[in-house]
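Engineer: Below, each chain spelled out in residue letters.
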Amino acid sequence: MENHAHCDCCLTRRQCLKFAGSAAMTTGLVGKALEPTFGQAKPAAATDYVPVETLRPSPAVRITGAIMQMPRPYWLGWPGTTYDLDRFQKLYRSQAAASAKKLGIALDMLADPIQDEQGYAALVKRVKDQKPDALQIIIQHMNCWGWADRLSRDVGVPLLIFSPIGTSFTGHVIGLSRRPGVLIASTLEWAGVEAGFRMVRAKRLFEESRILWIHGNQRGETVLDHLGTKVRQIPRDTFNKYFATVPVSAEVKDVAADGRRHAKKIVEPTPDDSLNSARAYVTAKHLLREEKANALSMDCLGMVGAKLVPTPPCFAWTRLQDEGITAGCEADLFGATSLMLTSYLLGRPSYMNDPVAETHKNLLIVSHCTSGTRIAGFDMPPAPYVLRNHSESALGVSTQVLWPKGEPVTLVRFTGPGELIVDTGRVVSNVETPPAGGCRTSVELAMDDIEDCRDVMGFHQCVTLGNHKREVESWAQLYGLRVVHSPRYAPQPAEAAA
Amino acid sequence: MIRRMALVMGLAALFGWMAMDRMDGMGQAKSVEFGSPASPPSRMDADGSILEDWGKLAFTITGEGLAAAGPVSVEGTKLEGIVPAAVARAKRGPLEITTTAFRSPTYPAGTDVVTLAIKNTSGAPASARLGLPLPDGARVGRRTVMWGGRVILTLPMPIEVDAQKREWGSDDDSTPMPGWSRPDVECDPAFRNIRAGMNGVPIVYKFSVPNGSSHDVVLGLCESHWESSGMRPVVLKVEGCPALTVDPLAKWGRHKPGALLFAAKDENGDGTLVVSALPSPGAPDPNPILNAIWLFPAGTSPNLEQVVLGRMNAVATRMADVGGENDQSLYLPGKAEYNIAIPANGVVELTFFVGAAGGSAPMPGKSAWTLDTLRKAAVEVNRDWKEK
Numbered sequence: 000m001e002n003h004a005h006c007d008c009c010l011t012r013r014q015c016l017k018f019a020g021s022a023a024m025t026t027g028l029v030g031k032a033l034e035p036t037f038g039q040a041k042p043a044a045a046t047d048y049v050p051v052e053t054l055r056p057s058p059a060v061r062i063t064g065a066i067m068q069m070p071r072p073y074w075l076g077w078p079g080t081t082y083d084l085d086r087f088q089k090l091y092r093s094q095a096a097a098s099a100k101k102l103g104i105a106l107d108m109l110a111d112p113i114q115d116e117q118g119y120a121a122l123v124k125r126v127k128d129q130k131p132d133a134l135q136i137i138i139q140h141m142n143c144w145g146w147a148d149r150l151s152r153d154v155g156v157p158l159l160i161f162s163p164i165g166t167s168f169t170g171h172v173i174g175l176s177r178r179p180g181v182l183i184a185s186t187l188e189w190a191g192v193e194a195g196f197r198m199v200r201a202k203r204l205f206e207e208s209r210i211l212w213i214h215g216n217q218r219g220e221t222v223l224d225h226l227g228t229k230v231r232q233i234p235r236d237t238f239n240k241y242f243a244t245v246p247v248s249a250e251v252k253d254v255a256a257d258g259r260r261h262a263k264k265i266v267e268p269t270p271d272d273s274l275n276s277a278r279a280y281v282t283a284k285h286l287l288r289e290e291k292a293n294a295l296s297m298d299c300l301g302m303v304g305a306k307l308v309p310t311p312p313c314f315a316w317t318r319l320q321d322e323g324i325t326a327g328c329e330a331d332l333f334g335a336t337s338l339m340l341t342s343y344l345l346g347r348p349s350y351m352n353d354p355v356a357e358t359h360k361n362l363l364i365v366s367h368c369t370s371g372t373r374i375a376g377f378d379m380p381p382a383p384y385v386l387r388n389h390s391e392s393a394l395g396v397s398t399q400v401l402w403p404k405g406e407p408v409t410l411v412r413f414t415g416p417g418e419l420i421v422d423t424g425r426v427v428s429n430v431e432t433p434p435a436g437g438c439r440t441s442v443e444l445a446m447d448d449i450e451d452c453r454d455v456m457g458f459h460q461c462v463t464l465g466n467h468k469r470e471v472e473s474w475a476q477l478y479g480l481r482v483v484h485s486p487r488y489a490p491q492p493a494e495a496a497a
Numbered sequence: 000m001i002r003r004m005a006l007v008m009g010l011a012a013l014f015g016w017m018a019m020d021r022m023d024g025m026g027q028a029k030s031v032e033f034g035s036p037a038s039p040p041s042r043m044d045a046d047g048s049i050l051e052d053w054g055k056l057a058f059t060i061t062g063e064g065l066a067a068a069g070p071v072s073v074e075g076t077k078l079e080g081i082v083p084a085a086v087a088r089a090k091r092g093p094l095e096i097t098t099t100a101f102r103s104p105t106y107p108a109g110t111d112v113v114t115l116a117i118k119n120t121s122g123a124p125a126s127a128r129l130g131l132p133l134p135d136g137a138r139v140g141r142r143t144v145m146w147g148g149r150v151i152l153t154l155p156m157p158i159e160v161d162a163q164k165r166e167w168g169s170d171d172d173s174t175p176m177p178g179w180s181r182p183d184v185e186c187d188p189a190f191r192n193i194r195a196g197m198n199g200v201p202i203v204y205k206f207s208v209p210n211g212s213s214h215d216v217v218l219g220l221c222e223s224h225w226e227s228s229g230m231r232p233v234v235l236k237v238e239g240c241p242a243l244t245v246d247p248l249a250k251w252g253r254h255k256p257g258a259l260l261f262a263a264k265d266e267n268g269d270g271t272l273v274v275s276a277l278p279s280p281g282a283p284d285p286n287p288i289l290n291a292i293w294l295f296p297a298g299t300s301p302n303l304e305q306v307v308l309g310r311m312n313a314v315a316t317r318m319a320d321v322g323g324e325n326d327q328s329l330y331l332p333g334k335a336e337y338n339i340a341i342p343a344n345g346v347v348e349l350t351f352f353v354g355a356a357g358g359s360a361p362m363p364g365k366s367a368w369t370l371d372t373l374r375k376a377a378v379e380v381n382r383d384w385k386e387k
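Here the protein sequences line up with chains A and B, keeping their order. Each residue of the first sequence is one higher than the last, beginning at 0 in numbering that gives the first Met the number 0. Each residue of the second sequence is one higher than the last, beginning at 0 in numbering that gives the first Met the number 0.
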């Protein structure tokens, strides 16, 4: 994914410029609110433009890097006498530097390779003193694995080990590669090494994020174990009060028109519905900025049920998701952290779903009204979508995103801050509503490694395009999170023995 | 820095934190509240003890040459200029004791972080015995103190416990939930109560039995939450028998009590019969439940329908109303203690994580919280908070 030059938010230059333009257009061009009933809630704040890219966290990420070799010259033993140490060390230094630059990571690569106990001790001291977010080592001889093993215990930070092919056997990696806090890339594919950098950055994004949890009637703030993410609860009616102050500004008109212009088809939503959805989008941005938050999850169904807003926020959430800002449904806190995971680690939105068993075809239907459209990546073309209303209420605007048939998908779900469910499957078809009931984006999946669709674990699992199982599992291991999978076979009969 | 004393001698003194009538003359003792934004605070009393919703955290110190009591000063402060904290200072003989407490806003309820710094001002090594009186019903594990299904204390290191064991009782971190089950047929009242292994922790009971003896064990279950089968299968392990997986709802139905018979034996001959209910791997609901345990003499082969009805209780050698009124911990109440050696002119620091405001303290091995990250969380939340 290409990052633009002036921010580290994983979004495209095109998107950034577009919104900079929108900001300019909006300034001083405030329209009239459709239903301004709560003028006391900071109308001035509700009319200025909030650049969406400023809402994504931009943490400092520091990685220390070191090359580990044996004293030269090499004689027998892998990688072998013919291995050009200087050439490959130069190449890997260059690649590491390029990846770090691309991902906005400060990489402190040691100038000299570690090749003796003195160098090892100095490295350990350096890491302990400087406490980087991770240590990356590049293995340049099989005899360096003892150091790698000790580093995993000695330094106290995540350890990324790059073992170019020819520097390890399976026996070197089989144990260490499964140790919490360790990631081994035994490969010649630099993408596999860069994935480690992305994992470290994703964790830092979690640590620097604040989720705005909009539900109930209390304010408060807590911090999640393992992830370090702050969770700020604000009363639910904060949103609708703020919404009422948001006028139909130039930005609102632009967002509404943009959503309608790019739709493959518009079924129910009227232009006013789209304007209200765009107001919800602007409201969310303002609240995020005001609360210094980077993601949100709201008791949207409760608000719609109480008829506090003229539209459910579905379309607004879709747009925020496409822009790299997690917007979750139903105040499901760990649904939100699951959405953040695909955004921060995989660089793409996902959508939390209500899982349905299609028992005739043995498929899983994943259904909700807030799928992002840039499902292949924030920097990739969007998937086609149809503008629908929110099916349960027949209000507002939601998207039926048409997922590409035959493509792999990954389902991720935090069951708590320390555990993830991870499953994979493949898109079979998009389900129309009607004849089906339920939510607008409704996708049939054939699940991998799960014999019976009824056994898929979890609720509000987040569906993201592509098979990212190994990457998610590796990230979880690097940070000591537990990963579980749905059972391959149906649960045992009621009594398995006796 | 810290090692066990071979012998703790003589004068045993209740440490002065609890002496509210003793002032240090430097200022009036007072109580200080500390918390995190928009959450119920905890309080450090004028005697330096900390009041939590589960009881009082009040350290005691005994040791040769230590005064029985003494003045304590308590004051509020802000760590890093931001985090509300309470600090108690006391001097006992050569020891200067500082207790610092602050709230870390851990999700969902918060953790109080209490650090005890014991400074030895003399040029000779000193030793003391630090005690933590435990509330009734508290159970001490290697690194935790459980109470009411919560971790109320996470300990800085394994602790010595003076608690005596009962003849039988629960030896786990499960949660008693009296009245959880709603059996809709006639049955023993024990079927109304359960223990639940929240977050997948096992339910474990231990019974003192003659070494190597055999018993007929009956386990009772009644599922009252789920409406469809397959959600909460439970693995039952009784010493001397193969493990058995049972889905109570599939076998007996919702709100229907049921019982299973096991031919148990103290297989390892240690005089303890272990009975446990464990989560079934991959189960949608990983929280095992258990309602009742009966031990009968070997060969009784009790009629299970009669057991369910409670009509075999008189024949049973033991009957555990799991999670009910007659349930009990394996351990009698007691005091957890550390022997502490403080080097000449040195300092020993011990940090305790305390479950606050209805929550649990971080569980070692399952949590990633450390003193540093707890403090960082407190700093960040207090720094960015604004009242509305």
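Note that these hints are calculated values from the structure, not bench results. Every value quoted in this text rests on a predicted model; they were computed, and no experiment measured them. Any given hint could turn out to be false.
Stated by the list, open to error - Within a straight-line C-alpha distance of at most 25 angstroms, the following computed DSS-like cross-link-like pairs (lysine-lysine) qualify:
1. B:Lys236 with B:Lys365
2. B:Lys365 with B:Lys385
3. B:Lys255 with A:Lys291
4. B:Lys236 with B:Lys164
5. A:Lys291 with B:Lys236
6. A:Lys291 with B:Lys385
7. B:Lys264 with A:Lys127
8. A:Lys291 with B:Lys77
9. A:Lys263 with A:Lys404
10. B:Lys55 with B:Lys29
11. A:Lys101 with A:Lys89
12. B:Lys387 with A:Lys240
13. B:Lys375 with B:Lys334
14. B:Lys29 with A:Lys240
15. B:Lys375 with B:Lys387
16. B:Lys236 with A:Lys127
17. B:Lys365 with B:Lys375
18. B:Lys375 with A:Lys130
19. B:Lys164 with A:Lys468
20. B:Lys118 with B:Lys29
21. A:Lys263 with A:Lys252
22. B:Lys77 with B:Lys29
23. B:Lys375 with A:Lys124
24. B:Lys365 with A:Lys130
25. B:Lys385 with B:Lys334
Unchecked claim - Sample of chain B residues with no beta-carbon within 10 angstroms of chain A, all distances over it, derived:
26. Ser35
27. Lys118
28. Glu159
29. Asn312
30. Lys387
Think of the CB as a built atom: it goes at the ideal place given N, C-alpha and C, for glycine as much as any other residue.
Engineer: All hints are to be evaluated individually against the structure, with a verdict given for each.
Structural biologist: Comparing the hints with the structure gives:
no.: 1; hint: B:Lys236 with B:Lys365; in the structure: holds, 24 angstroms
no.: 2; hint: B:Lys365 with B:Lys385; in the structure: violated, 32 angstroms
no.: 3; hint: B:Lys255 with A:Lys291; in the structure: violated, 51 angstroms
no.: 4; hint: B:Lys236 with B:Lys164; in the structure: holds, 22 angstroms
no.: 5; hint: A:Lys291 with B:Lys236; in the structure: violated, 51 angstroms
no.: 6; hint: A:Lys291 with B:Lys385; in the structure: holds, 11 angstroms
no.: 7; hint: B:Lys264 with A:Lys127; in the structure: violated, 52 angstroms
no.: 8; hint: A:Lys291 with B:Lys77; in the structure: holds, 23 angstroms
no.: 9; hint: A:Lys263 with A:Lys404; in the structure: holds, 17 angstroms
no.: 10; hint: B:Lys55 with B:Lys29; in the structure: holds, 16 angstroms
no.: 11; hint: A:Lys101 with A:Lys89; in the structure: holds, 18 angstroms
no.: 12; hint: B:Lys387 with A:Lys240; in the structure: holds, 14 angstroms
no.: 13; hint: B:Lys375 with B:Lys334; in the structure: violated, 32 angstroms
no.: 14; hint: B:Lys29 with A:Lys240; in the structure: violated, 43 angstroms
no.: 15; hint: B:Lys375 with B:Lys387; in the structure: holds, 23 angstroms
no.: 16; hint: B:Lys236 with A:Lys127; in the structure: violated, 45 angstroms
no.: 17; hint: B:Lys365 with B:Lys375; in the structure: holds, 19 angstroms
no.: 18; hint: B:Lys375 with A:Lys130; in the structure: holds, 15 angstroms
no.: 19; hint: B:Lys164 with A:Lys468; in the structure: violated, 47 angstroms
no.: 20; hint: B:Lys118 with B:Lys29; in the structure: holds, 23 angstroms
no.: 21; hint: A:Lys263 with A:Lys252; in the structure: holds, 19 angstroms
no.: 22; hint: B:Lys77 with B:Lys29; in the structure: holds, 17 angstroms
no.: 23; hint: B:Lys375 with A:Lys124; in the structure: holds, 23 angstroms
no.: 24; hint: B:Lys365 with A:Lys130; in the structure: holds, 23 angstroms
no.: 25; hint: B:Lys385 with B:Lys334; in the structure: violated, 41 angstroms
no.: 26; hint: Ser35; in the structure: violated, 7 angstroms
no.: 27; hint: Lys118; in the structure: holds, 26 angstroms
no.: 28; hint: Glu159; in the structure: holds, 28 angstroms
no.: 29; hint: Asn312; in the structure: holds, 24 angstroms
no.: 30; hint: Lys387; in the structure: violated, 6 angstroms
In the structure shown, a violation is registered for the earlier hints numbered 2, 3, 5, 7, 13, 14, 16, 19, 25, 26 and 30, in ascending order.
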